[in-house]
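Participant: Going down the list, the protein sequences come from chains A and B.
The first sequence begins at 1 in this note's numbering and counts up one residue at a time.
The second sequence begins at 1 in this note's numbering and counts up one residue at a time.
Hints in this document: simulated from the structure, not taken from any laboratory.
Honestly, I wouldn't trust all of these hints.
Quick list of the computed label-pair ranges, beta carbon to beta carbon [unchecked claim]:
1) B:Glu77 <-> A:Val259: 31 to 39 angstroms
2) B:Gly139 <-> A:Ser272: 54 to 62 angstroms
3) B:Arg227 <-> A:Glu187: 50 to 58 angstroms
4) A:Ala270 <-> B:Gly139: 27 to 35 angstroms
5) A:Arg189 <-> B:Gly252: 50 to 58 angstroms
6) B:Gly139 <-> A:Lys192: 48 to 56 angstroms
7) A:Glu187 <-> B:Lys110: 15 to 23 angstroms
8) A:Ser195 <-> B:Glu122: 22 to 30 angstroms
9) B:Arg13 <-> A:Val274: 33 to 41 angstroms
10) A:Arg189 <-> B:Arg227: 37 to 45 angstroms
11) B:Gly139 <-> A:Leu114: 27 to 35 angstroms
To give an idea of the chain A side of the interface with chain B (calculated C-beta under 7 angstroms), a few residues [what the hints assert, rightly or not]:
12) Glu119
13) Glu181
14) Val182
15) Val185
16) Glu187
17) Pro200
18) Ser273
19) Val274
20) Trp277
For every residue, glycine included, the Cβ atom is placed at its ideal position computed from N, Cα and C.
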Amino acid sequence: MTNIISTIFGLSRQAADKPHKRGTVVSPFISRIKIYANLMIVPLLLLTVWQILSGTGLLLEVVLPSPWKVLMGLRTIILDGTLGIDLRDSGIRVLVGYFWGVLIGLSLGLASGLSKFVERLVGPVVDVLRQIPLYAWIPLIILWFGIGEMSKYVIIAKSVFIPVFVNTLQGIRGVSKDYIEVSQVLELRYFKLLSKVVMPSALPSIFTGLRLGAGFAWMAVVAAEMLGGLTGIGYGLLQAKDFLQSDKLIALMLVIGLVGFLVDRVLKLAESSVLHWRKGFSGEK
Amino acid sequence: MTVDNSAELTVSRVSKTFSSKSGDVKAINNVSLNIYKGEFVSLIGPSGCGKTTLLRLISGLEQDYEGEIVLEGRRIEKPGLDRGMIFQEHRLLPWLTVGANVALGLPGSKSHNKERVQFYLERVGLADFIDAYPAQLSGGMSQRAAIARALICQPKVMLLDEPFGALDALTRVHMQEEIEKIWLAEKTTMILVTHDIEEAIFLGDRVVVMSTRPAEIDTIVPVSLPRTRDRSSPEFVELRKNVVNIFHEMIGTYSI
Numbered sequence: 001m002t003n004i005i006s007t008i009f010g011l012s013r014q015a016a017d018k019p020h021k022r023g024t025v026v027s028p029f030i031s032r033i034k035i036y037a038n039l040m041i042v043p044l045l046l047l048t049v050w051q052i053l054s055g056t057g058l059l060l061e062v063v064l065p066s067p068w069k070v071l072m073g074l075r076t077i078i079l080d081g082t083l084g085i086d087l088r089d090s091g092i093r094v095l096v097g098y099f100w101g102v103l104i105g106l107s108l109g110l111a112s113g114l115s116k117f118v119e120r121l122v123g124p125v126v127d128v129l130r131q132i133p134l135y136a137w138i139p140l141i142i143l144w145f146g147i148g149e150m151s152k153y154v155i156i157a158k159s160v161f162i163p164v165f166v167n168t169l170q171g172i173r174g175v176s177k178d179y180i181e182v183s184q185v186l187e188l189r190y191f192k193l194l195s196k197v198v199m200p201s202a203l204p205s206i207f208t209g210l211r212l213g214a215g216f217a218w219m220a221v222v223a224a225e226m227l228g229g230l231t232g233i234g235y236g237l238l239q240a241k242d243f244l245q246s247d248k249l250i251a252l253m254l255v256i257g258l259v260g261f262l263v264d265r266v267l268k269l270a271e272s273s274v275l276h277w278r279k280g281f282s283g284e285k
Numbered sequence: 001m002t003v004d005n006s007a008e009l010t011v012s013r014v015s016k017t018f019s020s021k022s023g024d025v026k027a028i029n030n031v032s033l034n035i036y037k038g039e040f041v042s043l044i045g046p047s048g049c050g051k052t053t054l055l056r057l058i059s060g061l062e063q064d065y066e067g068e069i070v071l072e073g074r075r076i077e078k079p080g081l082d083r084g085m086i087f088q089e090h091r092l093l094p095w096l097t098v099g100a101n102v103a104l105g106l107p108g109s110k111s112h113n114k115e116r117v118q119f120y121l122e123r124v125g126l127a128d129f130i131d132a133y134p135a136q137l138s139g140g141m142s143q144r145a146a147i148a149r150a151l152i153c154q155p156k157v158m159l160l161d162e163p164f165g166a167l168d169a170l171t172r173v174h175m176q177e178e179i180e181k182i183w184l185a186e187k188t189t190m191i192l193v194t195h196d197i198e199e200a201i202f203l204g205d206r207v208v209v210m211s212t213r214p215a216e217i218d219t220i221v222p223v224s225l226p227r228t229r230d231r232s233s234p235e236f237v238e239l240r241k242n243v244v245n246i247f248h249e250m251i252g253t254y255s256i
């Protein structure tokens, strides 16, 4: 196995290096293809392993269906409309929960960041509460809000609140003292200090919170839907399990992963367009 | 020391002690100095001696000192626009354009300040960079933008804390000439902290040599050479030798 990996990496590295050594110019088209080729290595590898494992016949199909079978399962749930309904219902829950989680997390985070007094009030409480895992909250949330929509919103909002709050607070606390001194020397008024110095400096960290929160929201909705209700991705997973439809089950899991990935990429794009001034380390070739 | 009413900035019997868990550290001991309007004073001393602390006290960024620092009749307690500060690092805000950085200390709208920003950017030779971001500038250019940011508020005193320390030798010499030009044009009082003897003599009307910590004033060397000074002239070289000797003697006495 390790041999296969190193051979694949070794080959691709050679291919990338050779033209440079000969001094030929690499066209942007070719180099883009190379980047896509790099991106495909691990997924193709996993797919190959999966195909080999399911093709040996050692595993029952219900335990591990072949990639092809999963693709057909995906086709079925797309065509019969269940995937669309599940995605729509989960999506709405995520949006509502995310909205409240961000609203509360951002406002409390900003307030704690800007006022030591508020931080003393809120900080330790949040620090204790966030040590309690989501699954420990669920029984109480159900007791209070039932298994309807409200409890799902609360579960999602709670998981979004924590990363947004923590990263907002950290972002403001992390504003460099150097810049604060500049604003003191220039006698900046409070509002200008916030808008020109503190907020732009905290923004990268706040964005990290928003991105983490979006990921957590997507995970939380699946967990929340497995508790009850009759729609949503989480419900779809349970149903697929109950009917031993492992092809649909895995197809749904892949959809969850892909949607989460897309949401993260969209937020990342928004982040880099807002933080265009930032030139981070983008990694070695 | 006698009180001199003609001085713009009076530092009298100033001491500063920093307290920490491991004990108190006295950074400055009983320093008195008069600085006159339009004067260029260089503060020089061994690294870590407390000369930067003195500058930060004058800027108001450091507080709680013994003695008096008085600027035009008012005791300095906190930072203010009447004192411009140039730090060793440029400290431009990376998310603002050069123009917006320079305009930071000005009240009023962007369009309202545009002419002034343009004027001061021209003064420091960055007229074409008003819309650039700090990340696009070289070290010397960034420091010039920082100088424009301080100048535009028209401070009474400019405080320069080893402003060229992080620049390469060639850029540094060029920046020394630039700052002299700005000083001649703006007639602002300037106080420069440096550990570069040549820089101190090239720019200063007086070179204040400070001792090792706690910093005291060891010697004040007046520099009466005509400007712009020629670093290789016999007089310059002689002065330089004198200051080096002062250092040798001082460090000699302290090491016994």
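Participant: So, against the hints stated earlier in the document, which numbers end up violated here?
Facilitator: Per hint list: 1, 2, 3, 6, 9, 12, 18 and 19 violated.
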